Amino acid sequence: AQTVTQSQPEMSVQEAETVTLSCTYDTSENNYYLFWYKQPPSRQMILVIRQEAYKQQNATENRFSVNFQKAAKSFSLKISDSQLGDTAMYFCAWRGRSGGSNYKLTFGKGTLLTVNP
Amino acid sequence: DTAVSQTPKYLVTQMGNDKSIKCEQNLGHDTMYWYKQDSKKFLKIMFSYNNKELIINETVPNRFSPKSPDKAHLNLHINSLELGDSAVYFCASSQGGQGRNEQFFGPGTRLTVL
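Chains as they are written, first to last, in my numbering: chain A, 16 to 132; chain B, 24 to 137.
For reference, chain A alone in the conformation it holds in the complex (with noise of 0.2 Å):
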């Protein structure tokens, strides 16, 4: 079964500055896609960025970049230049290309971000 590792339950950052989130998985498959997802107080889920696993570059969306190492199976997410509206749990989560594993999002336990002013 897959596995979605978060090491870090909580982390704070100052405003402006940059940080890193960690995320471990293990998975049989070659093929997959990786997710992080933000959810600040209000409750909702918002998708901040996708990876696939086929592609060797990483993946960037305005001030959130990831570090994809397939081999070590590991997927980090770096937010630039922090912002208050930040601050909120993110979920890393794996999802399979096939065999059922595509139709759900596997998810870490999450990491507590906190941006200070």
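Check each hint, because a few of them may be wrong.
The calculated lysine to aspartate or glutamate pairs, modelled on EDC-like cross-linking and capped at a C-alpha distance of 16 Å, are [unchecked claim]:
hint	chain 1	residue 1	chain 2	residue 2
1	A	Lys124	A	Asp41
2	B	Lys64	A	Glu25
3	A	Lys124	B	Asp41
4	B	Lys90	B	Asp41
5	B	Lys90	B	Asp61
6	B	Lys59	B	Asp108
7	B	Lys32	B	Asp53
8	B	Lys63	A	Asp41
9	A	Lys93	A	Glu76
No lab work stands behind these hints, which were simulated from the structure alone.
Just so we're clear, the structure is a prediction, and the values are computed from it rather than from any experiment.
Using the hints, position chain B against chain A.
Same frame as chain A, but now just chain B:
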């Protein structure tokens, strides 16, 4: 214009009662999901439906019965509620089972069982 909506947003009820949560999406998606987020914020898949057919039932007690009357709706009925059912329940939708397709989440329903 809400993409994925759930009703109610909050539900407080007594142990032993039966309750339903409704979910609707207006994105034209053919796949819908129910996730449970426990008190420690851990999110876990409960059910997945594709074109109204059950694809995944992730070892959920049979007190939970999802129903998909059409592709735009996936309701969750819970019988004989227990204290451990207290959680936030999220509905989500996506287009097909293509892994790269984003799952859009509803606002969640906070269920409290007393």
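Consistency of the hints with the structure:
1. A:Lys124 <-> A:Asp41: Satisfied, since the Cα-Cα distance of roughly 14 Å is no more than 16 Å.
2. B:Lys64 <-> A:Glu25: holds (13 Å)
3. A:Lys124 <-> B:Asp41: violated (29 Å)
4. B:Lys90 <-> B:Asp41: holds (15 Å)
5. B:Lys90 <-> B:Asp61: violated (22 Å)
6. B:Lys59 <-> B:Asp108: holds (9 Å)
7. B:Lys32 <-> B:Asp53: violated (23 Å)
8. B:Lys63 <-> A:Asp41: Distance of about 22 Å is beyond 16 Å: violated.
9. A:Lys93 <-> A:Glu76: Between A:Lys93 and A:Glu76 the Cα gap is close to 10 Å, so the pair holds against 16 Å.
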